[in-house]
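Each chain is listed here by its residues.
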Amino acid sequence: MRRNAKLAIALTLLVIFHSAVLFAGFLAPYGFAQQDRDLPFAPPTGIHFVDASPRWHARPFVYGFADDPDNPGAYRADTAAVYPIHFFVQGAPYKIAGVLSARTHLFGVEDPGRIFLMGADSFGRDQFARFLFGGQLSLLAGVLAAVLSVALGIVIGGIAGFHGGWLDDLLMRGGELFLALPWLYLLFAVRAALPLDVSQAQVFLLLVAVVGLIGWARPARMIRGVALSAKERNFVLAARGFGASRTYLLRRHILPEAYGVILTQLTLLIPQYILAEVTLTFLGLGVGEPMASWGTLLAALQQYYVLSTYWWMFLPAVLLVPLFLAYYAAADAVQERLKSVAL
Amino acid sequence: MSAANAPLLRVAGLAKTYTQRGGFIGANHIVHAFEDVSLSVEIGSTLAIVGESGAGKSSLARCLALLEHPDRGEIWHNGRNVAALSAADLAPFRREVQLIFQDSTSALNPRLSAVELIAEPLLIQRIGTPAHRRDRARELMRSVGLAPESANKCPLEFSGGQRQRIALARALALQPKLLILDEALSNLDVAHQDAMLNLLATLQAAHALAYIHISHDLRLVSQFAGEVAVMHKGKIVERAPAADLFARPQHAYTRELLAAMPPLETLLLERSA
Amino acid sequence: MRYLTRRLVHAGFLFIGVSFFSFALLQWAPGDFFDELRLNPRISAQTIDGLRAEYGLDQSLPVRYERWLASIAQGDLGYSIAYNSPVGPLIAVRARNTLVLTGCAMIVAWALAIPLGIYTAASRRSWLSRSIGVATSTLLTIPDLLLFLCLLLLAVRTGWVPAGGMFSASTTLDATGADAALWPNIKDLAAHLFLPAAGLALVTLPALIRHVRSAMIDVLDSPFLRAARGHGIPRARLLFHYALPVAANPLISLFGFSIATMLSASLIAEVVLSWPGLGPLLIEATLSRDVYVVVATVLLSAGFLVFGILVSDLLLFAVDPRIRQE
Chain Y
1 MRRNAKLAIA LTLLVIFHSA VLFAGFLAPY GFAQQDRDLP FAPPTGIHFV
51 DASPRWHARP FVYGFADDPD NPGAYRADTA AVYPIHFFVQ GAPYKIAGVL
101 SARTHLFGVE DPGRIFLMGA DSFGRDQFAR FLFGGQLSLL AGVLAAVLSV
151 ALGIVIGGIA GFHGGWLDDL LMRGGELFLA LPWLYLLFAV RAALPLDVSQ
201 AQVFLLLVAV VGLIGWARPA RMIRGVALSA KERNFVLAAR GFGASRTYLL
251 RRHILPEAYG VILTQLTLLI PQYILAEVTL TFLGLGVGEP MASWGTLLAA
301 LQQYYVLSTY WWMFLPAVLL VPLFLAYYAA ADAVQERLKS VAL
Chain E
344 MSAANAPLLR VAGLAKTYTQ RGGFIGANHI VHAFEDVSLS VEIGSTLAIV
394 GESGAGKSSL ARCLALLEHP DRGEIWHNGR NVAALSAADL APFRREVQLI
444 FQDSTSALNP RLSAVELIAE PLLIQRIGTP AHRRDRAREL MRSVGLAPES
494 ANKCPLEFSG GQRQRIALAR ALALQPKLLI LDEALSNLDV AHQDAMLNLL
544 ATLQAAHALA YIHISHDLRL VSQFAGEVAV MHKGKIVERA PAADLFARPQ
594 HAYTRELLAA MPPLETLLLE RSA
Chain V
617 MRYLTRRLVH AGFLFIGVSF FSFALLQWAP GDFFDELRLN PRISAQTIDG
667 LRAEYGLDQS LPVRYERWLA SIAQGDLGYS IAYNSPVGPL IAVRARNTLV
717 LTGCAMIVAW ALAIPLGIYT AASRRSWLSR SIGVATSTLL TIPDLLLFLC
767 LLLLAVRTGW VPAGGMFSAS TTLDATGADA ALWPNIKDLA AHLFLPAAGL
817 ALVTLPALIR HVRSAMIDVL DSPFLRAARG HGIPRARLLF HYALPVAANP
867 LISLFGFSIA TMLSASLIAE VVLSWPGLGP LLIEATLSRD VYVVVATVLL
917 SAGFLVFGIL VSDLLLFAVD PRIRQE
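Residue numbers (the numbering used here), protein chains in the order written: chain Y, 1 to 343; chain E, 344 to 616; chain V, 617 to 942.
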């Protein structure tokens, strides 16, 4: 029971995260590139029900920002300016999954009020919006790269395990090469070989390709193991006795044995690849401004004064932890399921 | 020899050797599974190949069914040396010669249902429509004594004896002429063995099936075999009609095997011979 | 002896594989680095062609690979455009710094992982074991980047340790022109080393503890050890005299592989905590398309790794009698 509860919680968290990111345009009150030069590094706006009078409002509201005279550069709440939060407001246009256009946002406040759930950066851009939109990039990159790695692993591992002999040796030694080397250095080397001046979309695809191509070795090794043991099974031999072709054997008998391994590898690789994208972008080699990726959000933290003064800039990094936890818990659960079935 | 009297399968000088690679820098380890095996199987007959438990017999069984390729020798079937054919040309051979494994659990993919397993040969050979295949599978289940209602159950839900029946039904799907039973009865208890033997006899009479029984159990073999070949250290040391072999064993090893049987049964054997 | 030869050959192959990969990368980089020089109006086209010919860029691929290998063997690692100097000396200092950092972090990580792993394997049910288990699981989910940023924040806010660099500005300035020597400034070095080494150790520790633990559990659950326990051999002796030597085999192999993880993590650590090692160099070089630097850095890190694996193989040979018998 506890095991199932853990898996249920993990899956729920993953669904929440991914849907939130998918509907970034709807959930975020602002666009990711929308600047407000008057409010650099605004702290997260508090949500209040009781104002300074004190009067109780049915509708939650936020205060406006005013400069703090004691602390240059900092803000204090302007209790005179009350901006109620409205729901389902019309705002900046956005696209869902790049296809459907819409203008409705879940919540928002009227100008010149601002609702910064996670504060703002040096350009006054809403960090909450940038977090959600950045998630689109980082999560998508992670998932795509993981799928690429696993797909490559299936092909190479399947061929190696099924064919055996010299081909297996050759492919596995090649894989060892990839496994043995520090992956980040490899990543940089490959990235360096690619031209720097390409469009953002191309950078994104290149990133995904590079990360995915480097990591095929471990899934390939696992799937090769499955293929090696599966091909010796008597039911595969029996099928051959009926005249089955190699493709039929792979498709009907060997691949299904690998489903468990494939799923585990995916759930393990996705968070690693998300982190890889974030790290690469953080170091300046991924997508650049004004695109939001979690890496660009964190890049601002490389400056000491940002790091020590504006604590909300840390939030994107902190929020990665529950996401990874959910993925690892899911991977654990899949592995346990596998073990119990195998017995 | 006219076509009517031609043997179903004729094997000449078959041999198989296994080499275990010693790794990058290391000696290879060579195992001779069997050598210089020659025999022939007539239509509707039963040949038993007996010998001690070891790699030789199973390896021979697989080579006879061309699940593995022999290193030397010929296998003549319908006027062709099938040992030299490529996989694409083997379809007619595959339809006529089938193998049943010793361990039914490993021979059946646990993820598939009984009806899918039995219909698989038809699927692979692209015979009939899915509906037709399912019907034929149910028919086959009935013919081996399995309830068609359990068609959708998975192999692990059946008993060992029933699983062997599924394997048998599957082997019969393509209407073969020769079944090779690789220690197929060894994992069953005596009652099930008897039931299976009766079933096999019925099927043999109905479809003019020929059998090659591979076994280490001389007692079992004595109940039904027409001809017996004795294998020792990878070679066939004696081959004779069953009665002759039990009454007048020629080779020292055959005598050893017979001597190892419990005395009561030897008495029964001599009495039946 | 055969084992050693095998491992040496293996290491050789690995290194050649990486060298070829790096070289291929060099060739794939669209345009060669002389394109950058061409932008400089003061350098004539003839000079560039001459440089090209000198570097053999107009030859076929195998010839270039050979010449490149030969030059590497002689210690000529190419030329850096960004720094306007040969790559060799440039890398040497950075490599030394990375080695210092990763070396310390390795020592700390293993010094902690072995006792903690042994303890959690030996006393599986104690609350301390379980807490350690929880701590390692938590550490595992925290992304490296976040950890280093947190450490940086800690340093900046509290000022307990310097937050970046390898030496204080004064130390570096004192050494006139030459890079600061290690030993004379050891206290300053240690203060600066603390943060990145601690971070690196923390990042690799959880996986190490888990592996040590599982290796020990495998041994502790094995029949021969149970028999020894049945003979009444005291616990400490059981652990250290019986179990540990057997568990040493997988652990020494793990040591070789942990170098790879450590190197990758050190890259991030060096960038975030401003440690002047190979990491920041690699990033700069990648951003400025300084391909020879990139290739040399990759080759060097691969070299460290291959060397580390070889060392662990040698250790295995020395420690495990079964391997000697092969």
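Hints were generated in silico from the structure; no laboratory data involved.
One or more of the hints may lead you astray.
[Unchecked claim] Far from chain Y by the CB rule (all over 10 Å, computed), these chain E residues: (1) H372; (2) I386; (3) S388; (4) S396; (5) A408; (6) L409; (7) L410; (8) N424; (9) Q441; (10) F444; (11) S449; (12) S502; (13) A510; (14) A586; (15) Y596; (16) E599.
[Unchecked claim] Facing chain Y, a subset of chain V residues (Cβ under 8 Å, in silico): (17) L630; (18) V709; (19) A711; (20) L715; (21) L765; (22) L768; (23) L898; (24) I899; (25) A901.
Computed from a predicted structure; not experimentally measured.
All C-beta atoms in this analysis are idealised placements derived from N, C-alpha and C, irrespective of residue type, glycine included.
Here's how the hints hold up against the structure:
no. : hint : in the structure
1   : H372 : holds, 16 Å
2   : I386 : holds, 21 Å
3   : S388 : holds, 21 Å
4   : S396 : holds, 17 Å
5   : A408 : violated, 6 Å
6   : L409 : violated, 8 Å
7   : L410 : violated, 5 Å
8   : N424 : holds, 18 Å
9   : Q441 : violated, 6 Å
10  : F444 : violated, 5 Å
11  : S449 : violated, 4 Å
12  : S502 : holds, 18 Å
13  : A510 : violated, 8 Å
14  : A586 : holds, 33 Å
15  : Y596 : holds, 29 Å
16  : E599 : holds, 31 Å
17  : L630 : holds, 6 Å
18  : V709 : violated, 18 Å
19  : A711 : violated, 13 Å
20  : L715 : violated, 14 Å
21  : L765 : holds, 6 Å
22  : L768 : holds, 6 Å
23  : L898 : holds, 5 Å
24  : I899 : holds, 5 Å
25  : A901 : holds, 7 Å
In this structure, the earlier hints numbered 5, 6, 7, 9, 10, 11, 13, 18, 19 and 20 are contradicted, and the remaining ones agree with it.
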